[in-house]
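S.K.: Please construct the entire structure, taking both the sequences and the accompanying hints into account.
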Amino acid sequence: MRKHIFMIPALLLLASTLLRAQDGDGSAAVPALPWSIGISVGGTYMMHSGGLVFPREAPPLISYDDASGFGPAFGVRLSIPLSESLALSPRLFAECRRGTFTSEPFMMEIIGRDMRPEDMMLEDELDVILRVGGLDLLLAWHPAGGGFYLAAGPSIGLRLYEEFRVTESILSPQGVTFLDGSTAREMYDDDPGLSRSVHLGVRGGAGYVIPLNEDLALGAEVLYLYSLQTVTEDDDWTLQGLQGTVTLQFNL
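In our numbering, the protein residues as written are 2 to 253.
The reader is advised that the hints may include incorrect statements.
Label-pair restraints from in silico Cβ distances [unchecked claim]: (1) Glu110 <-> Pro56: 19 to 25 Å; (2) Gln230 <-> Ile40: 27 to 33 Å; (3) Pro144 <-> Leu253: 21 to 27 Å; (4) Met188 <-> Leu253: 16 to 22 Å; (5) Ile111 <-> Pro56: 41 to 47 Å.
Rather than coming from a laboratory, the hints here were simulated on the basis of the structure.
Yeah, the Cβ is synthetic: ideal placement off N, Cα and C, and Gly gets one too.
M.R.: Shown next as structure tokens:
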């Protein structure tokens, strides 16, 4: 499936070359918007909600609710003019969707002073890293035919890798530590394979392109990602993200 996705830009680029050749013969109108290919870099601020339970196989079962996190984003995009103000903008992307969850405090019974039972208050922090690659198929509308545009369309992401890291901390009583003398320890660090293999969503936002010369332009864009499904099949965990990128655009 990934091989097919990464063939799409090559096919679109070939189609653009053929259509531009038709323009040179006078059999098709030349659009005002340029054909272009661009390289984008930036970051995504992810917002997680709904919650999840982790780990699933051993007590205590810890619930996590809301989280947020920032991760890098990269992409390659094409711009294919459809009219004087409308362009098709398919993009290949790779991004890191991060989130740091904090559990509600929970108690465990320990043997305290004078060998008496005592309640120990604990708190778990879950750091989630979802590395996703995929394809956005956006339509870009330039209302004034210039640099400003609005864009929206579907997003299909494939899970590349995920990492869950759980750190447990002792909140009370004072003076109680783990066996190594610390009040925090790493409980888990691995890829549990919980998230879906395919992530569906929609993106929408705005951007601006500044021409540098006839062949080169610089663009800035802000897009909002809205997920159309839960992150896992068994939880209510959903996510949204705000992404900002800068694009170096080469006109074809």
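S.K.: So which hints don't hold here, by number, going up?
M.R.: Hint check: 4 and 5 fail, others pass.
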